[in-house]
Amino acid sequence: MAATSTLPATRLPSAQTPWRSDRKQLLNTNSLLSPQQRQGVQVRCPPSCSYTTPPSKSRNVAASAVASETSPRPRGKKVQKERGNFLSLDMNVDRPLTEEERQQERRKEVSRKIKQLGRNGQASAAVQEMVLMMEEGIMPDRVAATSLVQACIEAGDTKRAESIFDRFFGKDGALVADTVAMGTLLRTYAANKPPRWPKIMALVASMEAEYRIKPTAGIYNILLGVCAVTNDTERAVDLMQKMESEDIGPDMLTYDAIRRRRVLRNQYRTVFARFLNDEGDS
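With the UniProt record's numbering applied, the sequence shown corresponds to residues 1 to 282, in that order.
Keep in mind that a hint or two might mislead.
Within a straight-line C-alpha distance of at most 27 Å, the following computed DSS-like cross-link-like pairs (lysine-lysine) qualify [claimed, not checked]: (1) K108 - K159; (2) K199 - K115; (3) K199 - K242; (4) K214 - K242; (5) K193 - K242; (6) K159 - K171; (7) K199 - K108; (8) K199 - K171; (9) K159 - K115; (10) K193 - K115; (11) K214 - K199; (12) K171 - K115; (13) K113 - K159; (14) K108 - K193; (15) K171 - K214.
Label pairs and their computed distance ranges (CB to CB) [to be verified]: (16) A209 - R274: 25 to 33 Å; (17) Y211 - V131: 36 to 44 Å; (18) L276 - E208: 24 to 32 Å; (19) R95 - D278: 50 to 58 Å; (20) E99 - A273: 49 to 57 Å; (21) D172 - E99: 46 to 54 Å; (22) M252 - A202: 42 to 50 Å; (23) K108 - K242: 45 to 53 Å; (24) R102 - K214: 30 to 38 Å; (25) A125 - D256: 30 to 38 Å.
Keep in mind the hints are simulated off the structure, nothing from the lab. None of the values given here were measured: they were computed from a predicted structure. Positions of the beta carbon are idealized from the N, C-alpha and C atoms, including for glycine.
Assemble the whole structure, with the sequences as input and the hints as a guide.
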């Protein structure tokens, strides 16, 4: 017995629908237009359908093309992305992606996959995504490389995360680290139990000289958060005093990093008194 469909019956439009006459009228209008105007009223329909535009819209297309002769041309060209190409709306012409744009889109795609795999604890699969992209001749950018380091941390593979950072951002690496990449490496060291404080402090000390990155409040917030979690109050106070001596004031997340410890909350108000007073005066 043939299977019956539960979908409602759909009545296809008859061949003698008003659309046929509308299309004929549109084509007649098209023949009276200049080549520039005619370009705006072309109706393109894939072979699988009878029409793609309702009749009312077809008349609007023709009318807008005629009116374009007296309408001012837009100064800027609106461009939207569609199916991997950039479609120029006012010229109605598809422009393929350049090789540079294609590679950038590929990097973004791989970065998204790597982040998802990291959240799922699949460090090896995240590394494989990067390898496949590089085999295509596309080198990762800073965002993609940082995403891979972070994915390995989230998967609990800190040793691999450190190795990948050295591969891309080390002395022989092709990429230049920024504060986001450095913060990711610090989280790698901090994720160890206990945290690798000699490595952490050596990295902070060498950031400006070796990587030309000035430590920021965001960098110190990572370390203060680790101290709060491990109840290392003495080290946290030393870090806050180091920030104050280097004229690095707290930001919105600094207090959140240490708020779980009362001792640190009190020290925060004492050490950063001049910064907090300045904020109050303003």
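Which numbered hints fail: 7, 14, 17, 21, 22, 23
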